[in-house]
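J.: As a plain string of letters, each chain reads:
There are 2 protein chains.
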Amino acid sequence: MKININSEIFAPEVQMEGAYKVRMKILIGPEDGSGNIIMRHFFIAPGGNTPYHQHNYEHVIKVERGSGIAVDENGQEHELSVGQSLFVRPGDLHQFRNPNNDDFEFLCIIPNPGKKG
Amino acid sequence: MKININSEIFAPEVQMEGAYKVRMKILIGPEDGSGNIIMRHFFIAPGGNTPYHQHNYEHVIKVERGSGIAVDENGQEHELSVGQSLFVRPGDLHQFRNPNNDDFEFLCIIPNPGKKG
Numbered sequence: 001m002k003i004n005i006n007s008e009i010f011a012p013e014v015q016m017e018g019a020y021k022v023r024m025k026i027l028i029g030p031e032d033g034s035g036n037i038i039m040r041h042f043f044i045a046p047g048g049n050t051p052y053h054q055h056n057y058e059h060v061i062k063v064e065r066g067s068g069i070a071v072d073e074n075g076q077e078h079e080l081s082v083g084q085s086l087f088v089r090p091g092d093l094h095q096f097r098n099p100n101n102d103d104f105e106f107l108c109i110i111p112n113p114g115k116k117g
Numbered sequence: 001m002k003i004n005i006n007s008e009i010f011a012p013e014v015q016m017e018g019a020y021k022v023r024m025k026i027l028i029g030p031e032d033g034s035g036n037i038i039m040r041h042f043f044i045a046p047g048g049n050t051p052y053h054q055h056n057y058e059h060v061i062k063v064e065r066g067s068g069i070a071v072d073e074n075g076q077e078h079e080l081s082v083g084q085s086l087f088v089r090p091g092d093l094h095q096f097r098n099p100n101n102d103d104f105e106f107l108c109i110i111p112n113p114g115k116k117g
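Quick note, the sequences are listed as chains A and B, same order. If you read the first sequence in our numbering, its first letter stands for residue 1, the second for the next number, and so on. If you read the second sequence in our numbering, its first letter stands for residue 1, the second for the next number, and so on.
Derived from the structure by calculation, the hints contain no laboratory data. Heads up, some of the hints might be wrong.
A pair counts as met if it fits within one copy or between any two copies, since identical chains are not told apart.
[As the list claims (entries may be wrong)] Keeping only pairs whose Cα atoms sit at most 20 Å apart, straight-line, the calculated EDC-like set for lysine to aspartate or glutamate is:
#, residue 1, residue 2
1, 2, 77
2, 21, 64
3, 2, 73
4, 2, 72
5, 25, 103
6, 2, 92
7, 25, 64
8, 21, 103
9, 2, 32
10, 2, 79
11, 2, 31
12, 25, 8
13, 2, 64
One chain only, chain A, in its complex shape (with noise of 0.2 Å):
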């Protein structure tokens, strides 16, 4: 059993190309011994965005603060706010919006892509 405490876990500025003041902290991943699921934890500030991106692998989510928008596989964006929770499916495209004033939070688990490839 680990614990941690999530305020101790620093949050880097994500550097993937398209993502503009994004940060991301692990809560729970392969440092803590999992193998099979990552558990991060994003804070996207006012203005910023991920890419419209995809990839081989899901993303489980849960909004923990504030509201943004998703956007889908067809190019249809949605609202989202806490006490929502949202699946990608392996494939489609996605992304994330904050067009607020404050920040937007969320949760985003993954598989460990180490494993999944």
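Here the structure of chain A is known, so what remains is to put chain B in place on it, guided by the hints.
T.: Frame of chain A; chain B shown alone:
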């Protein structure tokens, strides 16, 4: 992309032997198309507990509300509260208890047992 409204999902009493005053809802799971990862929200009422048990898959946990006790594989108790995350390895004994006066709630993410056996 599938969006769920958490409050609209029913949280039935957990029927597992040794579970007492525990309810659980699936925020994202197979019904949403998630074949690898299941995100569950547990509610332990004051005085309640999960069984002290083990299984061949891991738990990735984030406390959502209140505080409680996590019992580890050696029977040792750890206080758990909002702002903490926890990893339970496959095969490790574990239990969660709520000795307090408020609900103890946490996310508990697992690989899909239907796939992992």
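J.: All hints are to be evaluated individually against the structure, with a verdict given for each.
T.: Status of the hints after comparison with the structure:
For a Cα distance limit of 20 Å, the shortest separation of residue 2 from residue 77 across copies, 12 Å, qualifies, whereas the shortest one inside one copy, 38 Å, does not. Taking identical chains as interchangeable, the C-alpha atoms of residue 21 and residue 64 lie at most 20 Å apart only when both belong to the same chain, with a minimum of 17 Å there against 26 Å between chains. Proximity of residue 2 and residue 73 under a CA criterion of 20 Å is satisfied inter-copy only: 11 Å between copies versus 36 Å inside one chain copy. Proximity of residue 2 and residue 72 under a CA criterion of 20 Å is satisfied inter-copy only: 9 Å between copies versus 35 Å inside one chain copy.
In this assembly of identical chains, residue 25 and residue 103 lie within 20 Å of each other by CA distance solely inside one copy; the values are 15 Å within and 27 Å between copies. For the identical chains of this complex, residue 2 and residue 92 are inter-copy neighbours only, at 11 Å across copies versus 33 Å inside a copy, given an alpha-carbon limit of 20 Å. In this assembly of identical chains, the alpha carbons of residue 25 and residue 64 lie at most 20 Å apart whether taken from the same copy (14 Å) or from different copies (17 Å). Proximity of residue 21 to residue 103 under the C-alpha cut-off of 20 Å is restricted to the intra-copy arrangement: shortest distance 10 Å within a copy versus 35 Å between copies.
For the homomeric pair residue 2 and residue 32, the shortest alpha-carbon distance inside one copy (7 Å) is at most 20 Å, but the shortest distance between copies (29 Å) is not. When the C-alpha separation of residue 2 and residue 79 is checked against a cutoff of 20 Å, the pair qualifies only between copies, where the shortest distance is 12 Å, while the shortest distance within a copy is 35 Å. Taking CA atoms no more than 20 Å apart as the test, residue 2 paired with residue 31 passes inside one copy only; the shortest distance there is 10 Å, against 30 Å between copies. With identical chains, the CA atoms of residue 25 and residue 8 are at most 20 Å apart within one copy only, with a shortest distance of 10 Å there and 29 Å across copies.
Taking the shortest alpha-carbon separations for residue 2 and residue 64, only the inter-copy value of 17 Å comes in at or below 20 Å, while the best intra-copy value is 22 Å.
Going down the numbered hints, you'll see the structure goes against none, and every one checks out.
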